[in-house]
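Could you put together the complete structure from these sequences and hints?
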Amino acid sequence: GAGVSQSPSNKVTEKGKDVELRCDPISGHTALYWYRQSLGQGLEFLIYFQGNSAPDKSGLPSDRFSAERTGGSVSTLTIQRTQQEDSAVYLCASSFGGLAKNIQYFGAGTRLSVL
Amino acid sequence: AQSVTQPDIHITVSEGASLELRCNYSYGATPYLFWYVQSPGQGLQLLLKYFSGDTLVQGIKGFEAEFKRSQSSFNLRKPSVHWSDAAEYFCAVGGGFGNEKLTFGTGTRLTIIP
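Chains as they are written, first to last, in my numbering: chain P, 2 to 116; chain X, 21 to 134.
So the derived label-pair ranges between C-beta atoms look like this:
#, chain 1, residue 1, chain 2, residue 2, range
1, P, Pro9, X, Arg97, 34 to 40 Å
2, X, Ala37, P, Ser8, 35 to 41 Å
3, X, Ser23, P, Arg65, 24 to 30 Å
4, X, Ala21, P, Thr79, 24 to 30 Å
5, X, Ala21, P, Gly52, 24 to 30 Å
6, X, Ser59, P, Glu69, 27 to 33 Å
7, P, Ser8, X, Pro60, 15 to 21 Å
With a Cα cut of at most 30 Å, we get these calculated BS3-like pairs of lysine-lysine:
#, chain 1, residue 1, chain 2, residue 2
8, P, Lys58, X, Lys69
9, X, Lys69, X, Lys121
10, X, Lys121, X, Lys88
11, P, Lys18, X, Lys121
12, X, Lys69, X, Lys88
13, P, Lys58, X, Lys121
14, P, Lys12, X, Lys121
15, P, Lys16, P, Lys58
16, P, Lys58, P, Lys12
17, X, Lys69, X, Lys81
Derived by calculation from the structure, the hints in this document are not laboratory data.
Beta carbons are placed, not taken as given, at the ideal position from N, Cα and C, and that holds for glycine.
Next comes the structure, spelled out in structure tokens:
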């Protein structure tokens with residue numbers, strides 16, 4: 002596609018339920034990133050995939066959060082047993098490779114509301 | 021650890037006036053620096069980036085930024101703002117290979133008044 006695509010654009014769920022957020026990166030981009038944007042906060046790094054390397058999971062806030070990237074393309078961020086503090090906009094970005102000399106292109110995000 | 025500070029949460033500027041948004045960073049080596057803009061309901065769009073070389077970088081939409089190592093700053097400027105510039109602006113720092121994640125500031129919301 003022309004840009005990074007995220008779905009759904011909005012998700013409302015009940016506390017305790019599991020949710021899956023999807024990211025379809027720009028074709029040919031080998032790197033994929035997930036960030037979280039909470040109200041009044043900057044963007045918080047969650048996880049980074051680069052090619053077939055082991056992902057950098059250092060930003061995941063708890064073991065309720067996980068992500069996978071199938072076939073080096075589409076990625077799914079899963080939040081288990083959602084809590085109200087998980088309410089935020091989840092942004093996905095992709096790039097040609099590592100950060101050096103490359104630019105991260107962002108999707109429009111998924112707004113998650115946990116009731 | 022790397023960090024970014026944007027000291028101004030909200031700035032209001034008259035249309036046609038000049039603009040400067042402040043950004044200070046903390047990083048142990050030569051940083052890669054970015055400014056992104058986010059319009060309501062939209063993703064982030066890159067305005068400009070600094071990797072090396074000329075410390076004054078030009079970006080899209082008439083924006084520019086100057087890297088000042090001695091002040092650990094990367095302030096964003098525009099000589100004359102337009103109503104369409106109203107948005108949230110984020111400064112970010114990254115470190116290149118082995119440190120690809122971006123660390124963002126908390127953002128500055130820009131309001132344009134007629």
